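Enquirer: Those sequence lines, one after another, are chains A and B.
Sequential numbering from 1 applies to the first sequence in the numbering used here.
Sequential numbering from 1 applies to the second sequence in the numbering used here.
Calculated directly from the structure, the hints in this document are not laboratory data.
For clarity, every value in this text was computed on a predicted model and none was experimentally measured.
Be careful, since some hints might not be right.
Per label pair, the in silico range of CB-to-CB distance [as the list claims (entries may be wrong)]:
{"#": "1", "chain 1": "A", "residue 1": "Val217", "chain 2": "B", "residue 2": "Cys41", "range": "22 to 30 angstroms"}
{"#": "2", "chain 1": "B", "residue 1": "Ala63", "chain 2": "A", "residue 2": "Arg18", "range": "44 to 52 angstroms"}
{"#": "3", "chain 1": "B", "residue 1": "Tyr141", "chain 2": "A", "residue 2": "Thr133", "range": "30 to 38 angstroms"}
{"#": "4", "chain 1": "B", "residue 1": "Gly121", "chain 2": "A", "residue 2": "Gln2", "range": "29 to 37 angstroms"}
{"#": "5", "chain 1": "B", "residue 1": "Asn217", "chain 2": "A", "residue 2": "Val217", "range": "40 to 48 angstroms"}
Here are some chain B residues the structure puts well away from chain A; computed CB gaps all over 10 angstroms [claimed, not checked]:
{"#": "6", "residue": "Phe8"}
{"#": "7", "residue": "Ser54"}
{"#": "8", "residue": "Val57"}
{"#": "9", "residue": "Leu67"}
{"#": "10", "residue": "Ala70"}
{"#": "11", "residue": "Pro73"}
{"#": "12", "residue": "Arg125"}
{"#": "13", "residue": "Leu152"}
{"#": "14", "residue": "Val163"}
{"#": "15", "residue": "Asn190"}
{"#": "16", "residue": "Val195"}
Straight-line Cα separation of at most 30 angstroms, DSSO-like style, residue types lysine-lysine; simulated pairs [unchecked claim]:
{"#": "17", "chain 1": "B", "residue 1": "Lys218", "chain 2": "A", "residue 2": "Lys124"}
{"#": "18", "chain 1": "A", "residue 1": "Lys124", "chain 2": "A", "residue 2": "Lys219"}
{"#": "19", "chain 1": "A", "residue 1": "Lys124", "chain 2": "B", "residue 2": "Lys164"}
{"#": "20", "chain 1": "B", "residue 1": "Lys164", "chain 2": "B", "residue 2": "Lys218"}
{"#": "21", "chain 1": "A", "residue 1": "Lys219", "chain 2": "B", "residue 2": "Lys218"}
Heads up, the beta-carbon is just placed ideally off N, CA and C, and yes, glycines get one too.
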Amino acid sequence: MQWDRFVEVFANPAMVARYGPNILAGTWVTLQIAAAVIVTGIAAGLLLASLRSYRWRALNLLIIAFVDIFRALPPLVVILLVFFGLPNVGLSLPAFAVLWLVLSCILAAFAEEIFWAGLIAVPKGQWEAARSTGLGFGRTLLYVVLPQAIRMTVPPLTNRTIAITKNSALGTVIGVPEILNQASTAQSFSGSGTPLFLGALAYLVIFIPFVLLGRAVEKRFQWKRH
Amino acid sequence: MNELIAQFFDLSIMGQVLPLLLQGLWVTLQICPATIPIGLCTGLAVALACTARSGAVRWPAMAFVDLFRAVPPLVVLIFAYSGLPFFGLRLTPFMAVCVALLLAMTSYFCEVFRAGLETVGRGQREAAASTGLGKTTTMVYIVIPQAVRNVLPDLVSNMVEVVKLTSLASVVALPEMLYNADMARAATYNATPMVLAALIYLALLWPVVRLLSRLENKAAH
């Protein structure tokens, strides 16, 4: 009996047919945000960590401040602040751009921390050996140190990336038509639980492969602490 | 420049909305002690289940963890708040937030504990067994304390994440700090209340974040 009720509420075929396309459209938007955030966030994090290894004092203070702020603030606070605050000074960005920008900054902050921990875990001898063969600072960083550092950072970085990319669901609050937004709009129109259930399924379809990939990667590149 | 200050750092608005935000902060701070201790316990329990030898225990535990790592916490919250009433279970916003946070937190803490349990060498268990300790005693007195110590920074970092997650409660109209700040923003037509909320979050979490990044960089050396 309970099962019939469950199907009627959460997997109603009529509702699936009616709102399935909306959820699919939302899935496409979520995939676009996810891809954009992963690319810019990780690239920016890597760039910041590389800049930090030059150890210019003023720049490092700025980088550390950026990282700390984006690690300490809840993503939703930053999203609302940027989305509703910037128009007050005449700069109004579309919701999609705000979501992308904020999540990229957050991922960049966490990625910078992880890459930096990887960089300083590479033994000093590697730097000295590379420099003594005549490589400059930039090349030593690029060809010798970064490849070793990145290997160590893969498992924590995958976990963080999944966690931050999932925050694309926060876009619903500022009206980005992603999965959750489509699902809750459809739910309030139809009064049925089916769109929500479909939305949750869409998230599973997108993120379960990443979670499983994360596990496989974790086994392969054990994060060496000792 | 003056306009920027007027729109984001208006001191008279800050003074007006501060009591409202502090009221919200109080709600935010109530959610944490109501959920974090339980989340730590359930996380540890699921982590132990994930290392169980019997597949009947291990597989459901792993499926649970993967499920909640894949679904965004906000989706879980909306489900708990507007999905459960279809089953005649209507939760108050506070309860819905606690349930959603607990589910998400359990899977996060489980991952951390699992990593921690793996850092404790086999020799520790063997040594404990050879001195005549039983399985449970070994777990409680030998393995878990070392595991927890090894992943302490990650545990604290997850607690910071939980405090940040409480801001989601604003979506189901629980009057926590972000909700109140957003109301004040809409009422004053000025971003200052949000800036003040951000500053309060920073004051609360920045010291912990700083401490964490020192711990992490020390561990890497």
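Enquirer: Going through the numbered hints above, which ones does this structure break? Give me the numbers in ascending order.
Expert: Of the numbered hints, 2, 3, 4, 5, 6, 9, 10, 11, 14, 15, 16 and 19 do not hold.
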